[in-house]
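Asker: In case you want the letters, here they are:
2 protein chains.
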Amino acid sequence: MEKERETLQAWKERVEHELDVVVAFWLEHSHDQEHGGFFTCLGRDGQVYDDLKYVWLQGRQVWMYCRLYRKLERFRRPELLNAAKAGGEFLLRYARVAPPAKKCAFVLTRDGRPVKVQRTIFSECFYTMAMNELWRVTGDAQYQSEAVEMMDQIVHWVREDPSGLGRPQLPGAPAAESMAAPMMLLSLVEQLGEADDELAGSYAELGDWCARRILRHVQRGGQAVLENVSEDGEGLSGCLGRHQNPGHALEAGWFLLRHAVRRGDPKLRAHVIDKFLLLPFRSGWDPDHGGLFYFQDADGLCPTQLEWAMKLWWPHSEAMIAFLMGYSESGDSALLNIFYQVAEYTFRQVSAASWSQRCGGDRSCCRRAPRVLSLTGNEGRFPMCF
Amino acid sequence: MEKERETLQAWKERVEHELDVVVAFWLEHSHDQEHGGFFTCLGRDGQVYDDLKYVWLQGRQVWMYCRLYRKLERFRRPELLNAAKAGGEFLLRYARVAPPAKKCAFVLTRDGRPVKVQRTIFSECFYTMAMNELWRVTGDAQYQSEAVEMMDQIVHWVREDPSGLGRPQLPGAPAAESMAAPMMLLSLVEQLGEADDELAGSYAELGDWCARRILRHVQRGGQAVLENVSEDGEGLSGCLGRHQNPGHALEAGWFLLRHAVRRGDPKLRAHVIDKFLLLPFRSGWDPDHGGLFYFQDADGLCPTQLEWAMKLWWPHSEAMIAFLMGYSESGDSALLNIFYQVAEYTFRQVSAASWSQRCGGDRSCCRRAPRVLSLTGNEGRFPMCF
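Protein chains in written order, with our numbering: chain P, 7 to 392; chain Z, 7 to 392.
In case anyone wonders, no lab produced these hints; they're calculated from the structure.
A virtual CB, placed ideally from N, CA and C, is assigned to each residue, including glycine.
Careful: at least some of the hints might be erroneous.
What the hints assert, rightly or not - Think about it this way: if two alpha-carbon atoms lie no more than 25 Å apart in a straight line, the pair counts; the simulated SDA-like pairs of lysine to any residue are:
1) Lys317(Z) to Gln311(P)
2) Lys122(Z) to Ser169(P)
3) Lys122(P) to Ala186(Z)
4) Lys122(P) to Val123(Z)
5) Lys108(P) to Gln175(Z)
6) Lys108(P) to Ala179(Z)
7) Lys122(P) to Arg173(Z)
8) Lys122(P) to Leu171(Z)
9) Lys122(Z) to Ala186(P)
10) Lys108(Z) to Pro174(P)
11) Lys317(Z) to Arg165(P)
12) Lys122(P) to Asp167(Z)
13) Lys122(P) to Ser236(Z)
14) Lys122(P) to Glu12(Z)
15) Lys122(P) to Pro180(Z)
16) Lys122(Z) to Asp158(P)
17) Lys122(Z) to Val235(P)
18) Lys122(Z) to Pro180(P)
19) Lys122(Z) to Arg165(P)
20) Lys122(Z) to Ser184(P)
21) Lys122(P) to Pro168(Z)
As the list claims (entries may be wrong) - Beta-carbon label-pair distances, calculated as ranges:
22) Pro177(P) to Arg125(Z): 17 to 23 Å
23) Ala182(Z) to Val54(P): 16 to 22 Å
24) Pro177(P) to Ala179(Z): 38 to 44 Å
25) Gly306(Z) to Glu24(P): 24 to 30 Å
26) His162(P) to Arg173(Z): 44 to 50 Å
27) Pro174(P) to Ala210(Z): 34 to 40 Å
28) Ser243(P) to Ala210(Z): 45 to 51 Å
29) His277(Z) to His162(P): 54 to 60 Å
What the hints assert, rightly or not - With the Cβ distance kept under 7 Å, some of the chain P side facing chain Z (calculated, not the full set):
30) Glu40
31) Gly270
32) Leu312
One chain only, chain P, in its complex shape (with noise of 0.2 Å):
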């Protein structure tokens, strides 16, 4: 018991650690003091290699300072809020495609025009939970606001009416709902309902609706949790009905977890580990060479998009978290050995990565170890080179 509050004290530094490197390599690289907002492109030497400015990274990073500055001593730091208020106003501005339409755009250039809209839910999201964050840092109501009122809308095209998003109605698609959407949602009721009895009431009802969604998720008598299912909670065919994603399964097994400590529910906690940490990492986990697939076949075909044995940041950072919250919450140090063993593969993969940035800029770091894990913070889908 000792040896292992010592090993978990090891982690924890150990992590600090990589924190406080990882946000004075963003403090250093990343704002854009010209026009507010970050610029997340970024080489491993902070090299901007595109300026290029994704809303869901925005609204990351000024949601991920706000947070550091209002949870951690030691970022209770004037240049994080400040950046953090610059990344807020250049959202405010910026990220609406028309406004005072609520749909946001997917990229905008660096001064804020948008290049590409997404006709999904998530941009929005994360507008929703950056304003919240900042609302919680600063006192400044219209923050809140912001946040209330794109909750609503967000809230309204996934469960009344989704033709604001503007996806063409086509007679053969199929109507698939993917994890994704209630997932991002329970996130957001944990987000705006945290310490605010009113909002949490308000919004507790969607916060089961949300659960209830992702559930339907567990297919095939228990054995295999699927990103896509029907509109009645049922199996679909072909690629898209078994295609699985074991770091969105975790991901979406953190946000369960925390549902049912809020709620109270010990059987649903029980559950969640089972179905949503224990069942992804067993068939997600690579036997051979460690590491998390990106994506998988439940009938064990091989997946169409070609990226799907590739091992990236982020279901591993998932995974951390996953395993870490549900040994705190159930004392099981089953789930504790596994947090050790994606922890231990992930800080492995970063130090065997750590070497290459020597190539400068010839490649040969790409050639020889393109799969490697990305640490800088980026989304999955903006991969770094080291």
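Put chain Z on the given structure of chain P with help from the hints.
Answerer: Using the frame of chain P, we list chain Z on its own:
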């Protein structure tokens, strides 16, 4: 010289054998007897792992069967012709999303309902190729008028008014021109003009326009072929501007080579061999492990596409065609040697992969060799497990 002739003859026989095997595979497994058209998501054992019908592949298969029937005695078999006609009928009936409007779907359900529509010209190009080739084989004028009318529509979208494609006009979207559109149009100019002086004449100006547009993608003082340039033919900033696709450049190369030969332009021929064959091969060939990279960054940064370092089936096919054609037109044995290098690599990878047929669906082959080439004739985006 005698030795060279023998080596070439041996390769011809090897490729002929491969063609026989591939055609037999598709004849046996891909025909949808119930709805017409073709299954294109096939496992190595012929299993249909998805019954979606990608319009590019429907058009390509109709074209391929007709071309084989028309050009090679041993394929002049009723089963090829009948399957091509059934595929053509499927396209005629279902490819267009809202007939008589010409816009075609990207994917259809097995029974022909549209699943997805791309806001590009490529489904329509494959439709045109299929119809023109069906006309050549059957003499049925309906097919040719379908081909010519669709071609008129495509040219209108590309040269006059793209609004019918449905792309949103966003103020931050760069006015970029990809190499794909003029490339594809140039191949249609050749397809429609074959042994048809009248049509060849009416498309002559279009062919020259396409060639000029493609040639503008040679940038950086002749040292790089870039996928995207501005409307004025200048380089663009960011990842978009630095994006390179060696297989695409080689494919453009052999389209241009045919164009130069048709136009009797030896200076253009030499330029094309230099810039679209040798240059992309030199920059795109992996010096360590062989094979052509899928994507590259002209400044040597790491491309953001996760699949950039993978070795796909199709660029190697394009390279083999390009270098053999280059040799055939120029007599330069350096080009023949590159053909040998690419062909040996490609067939070696195929052989190395074939043992994995024994994996019996436990995914061990995918886990061990997920990057190998596909040999069953799919587009690169729909890789096969083997």
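Asker: Hints first: check each against the structure and report whether it holds.
Answerer: Verification of the hints:
Of the supplied pair hints, the one linking Lys317(Z) and Gln311(P) holds, its CA atoms being roughly 14 Å apart against a limit of 25 Å. A threshold of 25 Å between alpha carbons decides the hint, and for Lys122(Z) with Ser169(P) the separation of about 16 Å falls inside it, so the pair holds. With a CA separation close to 20 Å, the supplied pair Lys122(P) and Ala186(Z) stays within the 25 Å bound. With a CA separation close to 17 Å, the supplied pair Lys122(P) and Val123(Z) stays within the 25 Å bound.
Between the alpha carbons of Lys108(P) and Gln175(Z) the distance comes to roughly 18 Å, so the proposed pair stays at or under 25 Å and holds. A distance of roughly 20 Å separates the Cα atoms of Lys108(P) and Ala179(Z); the hinted pair therefore holds under the 25 Å criterion. Annotation: proposed proximity of Lys122(P) to Arg173(Z) holds, straight-line Cα distance about 10 Å (limit 25 Å). The straight-line distance between the Cα atoms of Lys122(P) and Leu171(Z) is roughly 16 Å, inside the 25 Å bound, and the hint therefore holds.
Taken as a hint, the Lys122(Z) and Ala186(P) pair is honoured in the structure, with Cα atoms around 20 Å apart against an allowance of 25 Å. Pair hint Lys108(Z) plus Pro174(P) holds up; C-alpha atoms about 17 Å apart against a cutoff of 25 Å. Straight-line distance between C-alpha atoms of Lys317(Z) and Arg165(P) comes to about 43 Å, which puts the hinted pair past the 25 Å bound. A threshold of 25 Å between alpha carbons decides the hint, and for Lys122(P) with Asp167(Z) the separation of about 20 Å falls inside it, so the pair holds.
Under the criterion of a C-alpha separation no larger than 25 Å, the hint pairing Lys122(P) with Ser236(Z) is consistent with the structure, at around 18 Å. A threshold of 25 Å between alpha carbons decides the hint, and for Lys122(P) with Glu12(Z) the separation of about 54 Å lies outside it, so the pair is violated. Only pairs whose Cα atoms come within 25 Å are accepted, and Lys122(P) paired with Pro180(Z) is accepted, the gap being roughly 10 Å. The straight-line distance between the Cα atoms of Lys122(Z) and Asp158(P) is roughly 29 Å, outside the 25 Å bound, and the hint therefore fails.
A C-alpha spacing of about 18 Å is found between Lys122(Z) and Val235(P), which places the hinted pair at or below 25 Å, so the restraint holds. Our distance criterion of 25 Å between C-alpha atoms is met by Lys122(Z) and Pro180(P), whose separation comes to about 10 Å. For the hint linking Lys122(Z) to Arg165(P), the alpha-carbon distance of about 23 Å falls within 25 Å, and the restraint holds. With a C-alpha separation of about 17 Å, the suggested pairing of Lys122(Z) with Ser184(P) holds against the 25 Å cut-off.
Distance check on the hinted pair: Lys122(P) and Pro168(Z) sit about 17 Å apart at the alpha-carbon level, within 25 Å; holds. Between Pro177(P) and Arg125(Z) the C-beta distance comes to about 18 Å, which sits within the given range of 17 to 23 Å. At about 20 Å, the beta-carbon gap between Ala182(Z) and Val54(P) stays in the expected band of 16 to 22 Å. The hinted window of 38 to 44 Å between Pro177(P) and Ala179(Z) is violated, with their beta carbons roughly 29 Å apart.
A beta carbon spacing of about 28 Å between Gly306(Z) and Glu24(P) agrees with the range 24 to 30 Å that was offered as a hint. A C-beta distance of roughly 27 Å is found between His162(P) and Arg173(Z), which places it outside the suggested range of 44 to 50 Å. In this structure, Pro174(P) and Ala210(Z) meet the distance hint of 34 to 40 Å, their C-beta atoms being roughly 38 Å apart. The hint said 45 to 51 Å for the Cβ distance between Ser243(P) and Ala210(Z), and at roughly 48 Å that hint holds.
Evaluation of the 54 to 60 Å hint for His277(Z) and His162(P) yields a pass: the beta carbon distance comes to about 57 Å. Restraint check, Glu40(P) versus chain Z: the minimum CB separation of about 15 Å is more than 7 Å; hint violated. Using the Cβ-Cβ criterion of 7 Å, the hint placing Gly270(P) at the interface with chain Z is not satisfied: the shortest such distance is roughly 40 Å. Of the supplied interface hints, the one on Leu312(P) holds, with its beta-carbon coming within about 4 Å of a beta-carbon of chain Z, less than 7 Å.
The structure fails to meet hints 11, 14, 16, 24, 26, 30, 31 from the earlier list, while all remaining hints are met.
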